[in-house]
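Engineer: Protein chains in written order, with UniProt numbering: chain A, 1 to 342; chain B, 1 to 342; chain C, 1 to 342; chain D, 1 to 342.
Careful: at least some of the hints might be erroneous.
Heads up, the list lumps identical chains together, so a pair's fine if it works in one copy or across two of them.
Below, computed lysine-lysine pairings styled on DSS-like, alpha-carbon distance capped at 25 Å [unchecked claim]:
id, residue 1, residue 2
1, Lys235, Lys225
2, Lys56, Lys102
3, Lys250, Lys235
4, Lys225, Lys250
5, Lys225, Lys285
6, Lys85, Lys56
7, Lys85, Lys102
Quick caveat, the hints were computed from the structure, so don't treat them as lab data.
Protein chains: 4
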Amino acid sequence: MIRVGIVGYGYWGPNLARAVAETDTAVLEAISDYSAAARERAFRRHPSARLIADWKDLVTDPRVDAVMIATPVATHFEIAMAALKAGKHVLVEKPMAETVTKAALLVDEAQARNRVLMVDHTFIYTGAVQTIHGLIADGRLGDIYYYDSTRVNLGLFQRDVNVIWDLAVHDFAIMDYLFAARPVAVSASAAGFLPESPENMAHLSVYFDDGALAHLNVNWLAPVKVRQTLIGGSKRMVIYDDMQTSEKVKVYDRGVAFTDDPREAYERMISYRVGEMWAPALSSKEALVSEVQEFVRCIEANVTPYNDGESGLRVVELLAAASHSTRLRGQPVEIGELKRAS
Amino acid sequence: MIRVGIVGYGYWGPNLARAVAETDTAVLEAISDYSAAARERAFRRHPSARLIADWKDLVTDPRVDAVMIATPVATHFEIAMAALKAGKHVLVEKPMAETVTKAALLVDEAQARNRVLMVDHTFIYTGAVQTIHGLIADGRLGDIYYYDSTRVNLGLFQRDVNVIWDLAVHDFAIMDYLFAARPVAVSASAAGFLPESPENMAHLSVYFDDGALAHLNVNWLAPVKVRQTLIGGSKRMVIYDDMQTSEKVKVYDRGVAFTDDPREAYERMISYRVGEMWAPALSSKEALVSEVQEFVRCIEANVTPYNDGESGLRVVELLAAASHSTRLRGQPVEIGELKRAS
Amino acid sequence: MIRVGIVGYGYWGPNLARAVAETDTAVLEAISDYSAAARERAFRRHPSARLIADWKDLVTDPRVDAVMIATPVATHFEIAMAALKAGKHVLVEKPMAETVTKAALLVDEAQARNRVLMVDHTFIYTGAVQTIHGLIADGRLGDIYYYDSTRVNLGLFQRDVNVIWDLAVHDFAIMDYLFAARPVAVSASAAGFLPESPENMAHLSVYFDDGALAHLNVNWLAPVKVRQTLIGGSKRMVIYDDMQTSEKVKVYDRGVAFTDDPREAYERMISYRVGEMWAPALSSKEALVSEVQEFVRCIEANVTPYNDGESGLRVVELLAAASHSTRLRGQPVEIGELKRAS
Amino acid sequence: MIRVGIVGYGYWGPNLARAVAETDTAVLEAISDYSAAARERAFRRHPSARLIADWKDLVTDPRVDAVMIATPVATHFEIAMAALKAGKHVLVEKPMAETVTKAALLVDEAQARNRVLMVDHTFIYTGAVQTIHGLIADGRLGDIYYYDSTRVNLGLFQRDVNVIWDLAVHDFAIMDYLFAARPVAVSASAAGFLPESPENMAHLSVYFDDGALAHLNVNWLAPVKVRQTLIGGSKRMVIYDDMQTSEKVKVYDRGVAFTDDPREAYERMISYRVGEMWAPALSSKEALVSEVQEFVRCIEANVTPYNDGESGLRVVELLAAASHSTRLRGQPVEIGELKRAS
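The following block holds chain A by itself, in its conformation from the complex (with noise of 0.2 Å):
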């Protein structure tokens, strides 16, 4: 039974803790939050669980084996790593750190003192990423040409992190377990419409190795609220609308190919395949009680989940990269660059 503490009882971590409850290999030994408020709406819905006000006092609480962080991005570093050197197991919140810089160093804390370090990308714990997943393993949608992601909504203005490192990650971590391919250089542009607060709209491209191409349109300035992304493959195209109470995933069968017309020696035909559509049942088991299972099972036999420090620092340094290409008017920045000059 692992002993879970969480960090952040704002508006994430009543979701962790009630992930945990439902989670019959953990249970949730502590939460702390430095608002008393928010302390005592955790101790209405988990009387048992120990309030602490500290954070410092929980991640070193020789009870608790494993920590969740759901703080404000910019204390992510400071309280992982925390709990890293007290041996503690981590889960944290996405994106991992605000700095590729940071989110390296908890890497290699991690990798040092052997502790399962876990990024909270939910969204790949979906029924509806699993079997999109599962479709790209088995070769069913082929090579995969582009994804199109729009990502847009009206609200919430956050004041701490801009459009990019609200929304986009999100896409990051889908396609950083998707994919086998990796990116390359990633172009941004952004803009901002309300002066003094961070960029609400942003269009980003991402370059990948194998050739396939990358966009996201994220906006907090949107009349209606948009989750949808179009993946193309030379075989078949998907269509995952994330508003749709049914029928997220749809795959059609559709393309186009070359035939080769003996009637016209000297060019060569396109062809349109418009073939059926496919929704498949997905599994409406909750993300975040996966992924909270997944994170004990990797403690409990010392294996590395999909969405680890490294899974997390790739999707910190394309982050990076797109706000770096925003302050160069959208030019592309390469991957790696930021990683070597920090």
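Given chain A's structure and the hints, the job is docking chains B, C and D onto it.
Structural biologist: Relative to chain A, chains B, C and D alone:
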């Protein structure tokens, strides 16, 4: 009564011919096409129009007052120039020409001869775009923040132009009509997934002189057809979805604003406005017929249409700049740069 | 080569004429309409067809092999009977006649003279209905439980027929084609909200001899156009939405079943199956053209089409029974009752 | 401060408990359920409420002012009557009772003891229904022609009630609130496709005293969930789609009207009005919380809520009449008939 000659009776020519036939103030005098089969088709639908094989005979025909050109892009310049030199008024398909220089020469020629030169930006005559134009002109959207368009479908792969010249041209023409602000730079990235074919997928960013930002997503290799544009304004936002059979234009009374909250002196708060949605009734008059009528009216009244040669030239400048940017891996290209160079 | 004459060139006649023109095995010989304006329109599109004012001259014309009738319902019987008596094959618009007696007389006449009598149930030739037919015939839906159709829109208010004869006729024809079971009774309630106009809204229930139940909701006074049918089977269920541009037919692997649960010996449990959805690729061939080709094929091969006079008669029986039920405030009317009475 | 006791902590009881907890003017005093597991769940969420096994102890508890009943329908009467006789105010789940007689007895008892008796018609407190109520009250829809509701989904098959008592009850409650007109008769047909289970599919027609017509389509065996209601008025029409996350209510400025056309003296013409659509902003306050607050307000102010016992009784009358009609194969049953008989 304006006597019209149509050059090219392939895909679009029949639509022009029908629109002329439905216009009381014009008569369909002649149709030219090198293909005998095309002329046969034209005869069956328009038995009273004279059929001509060589367009050169049509553009110099004294019984023709105005020439409409529906041929491949690469031929627009030669035919339009010959028609203008023969003293004809000209309606030419978009894009007006394949280079900025050629487009500018047509503008000069039309001006020198005091002829009407119109570019067939059909969309600006739709009830939807007319209505959005009215909303912007009335100030009901407030300041324009962004224009975000998705224009994707499966095929048709073009042979002579890439997806930018085929699809983005529509958005350039619509923005040219809707916005008072002028583009200052374009950034574009494109990819082609079929060898020896033009690029079939592109993402374009257009930077305006008032800070507004446009983004276009065009793709010939998508599983479904999408024609959706979001327009964000400081007061209201619009979704224009051309695939809807009704309610193509939805106006959302939504947005964000700063509020000065006396309780927190040192920070400015953001408030969200989630008000009603309104779908205005749109004119159902066919856009192409409205456009042909406007063409005839401008000839008769000796006035200039909105979508004149200058407008067509501005659109070609954007197309050329976007194409140039794709060759620079998305580096922004300033508008005017190419013009001055040529 | 079958020589076709068309009676009536108003709303639907031009579609028939065009479909004949697209059929290699038929030639459009003549068109009749009392209106000179209609004949003028016909001439412009079909200059080689002879134009005739009086349909009596067309149906007896020796150069005509087959007559297609697209006139108001009240005239179908007289024209079709005259054509059959003159030895012509007949394709008549639905509903075939305005009474069961008249429909039965046409069936008898066609049989006595060994002529093809087809009723224009166009929908059964669509790719969508053809596909659903195949799914049912293959047993993939299992036993049919219900057919539930919503067919509403704003207008057109008809003058000569009410909404049942105008819209429910489509569902009656589709069900006649899809289902092996036969209707035994119909219950219908109707309302008219405009004085001195036919009923514009109706709800109909059809009881089948195998226990299946159909329900039709038809309305000329709805704010939006809906064309949606749910078909529930013991194995799978279908949604047929004719307003979709793609994915008109969706097949759901969903349902309920009893499970014998050993833990609860005294009760049988219900389990739910929520499986995948599948949208088969549909033929995009125009239904009317397929139907005209089938009409010609049946004439040439001396065979009977599915939508023959018997099928048309069955549909008229349902319409008459439904109308009768509305006058009884929804009391069920047995099929065959009216027939025997007449 | 009203002290509330809740009877039944199964599916709906926890929602009532949470709503009470969110109401400043009420306190959750006690919860009763025969199931120890249910009481354990209740304790974890509401540790300060007393847990009681037998409802009889709760309804007579002097520390309880008001009783909320969330138990199976068949038990409503006994529990509510006991609570009223003990002088408690009562909020009872819908349907209020399983017979008209029992419902009427509860109304009489509440009146005799001057207690508030409310039936939990939650939907009438939603922002959507409140807004439609306002549109009708303001005369913006004009005369009401029809109410047409589709309320279908897959499962849950109920054991104790059929689909009419489970789903149509919502529409009966909504119509009771929206319309000034009163139902005069109900016709219903139902079918059950699973042996030994209650009917799972039904179609109901409700005839109103002003000529309006309602139709309800309810079904537990549909492939997808639909919650859609069309309301047709002489001036405007409404679509209320509860499955939409935004724009649940759309108001269409559409309809038909007679026009006197001088050119055709002997007939009256119909004109169509296809105007704008408008989706009002809806209150997002949770309906159940609003309802509980209204319950408390009525107790404190000694006033009668809209959804009082009389309203609950009217709904039960409709349910009973519909059930009766299904046994008569859809023959209309007059409202009041059953009441007088009982």
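Engineer: Each hint needs a verdict: does it hold in this structure or not?
Structural biologist: Against the structure, the hints come out as follows:
no., hint, in the structure
1, Lys235 / Lys225, "between (30 Å within a copy, 18 Å between copies)"
2, Lys56 / Lys102, "within (19 Å within a copy, 63 Å between copies)"
3, Lys250 / Lys235, "both (14 Å within a copy, 22 Å between copies)"
4, Lys225 / Lys250, "both (19 Å within a copy, 14 Å between copies)"
5, Lys225 / Lys285, "both (23 Å within a copy, 20 Å between copies)"
6, Lys85 / Lys56, "within (12 Å within a copy, 58 Å between copies)"
7, Lys85 / Lys102, "within (15 Å within a copy, 69 Å between copies)"
Hint check: no violations occur; every hint is consistent with the structure.
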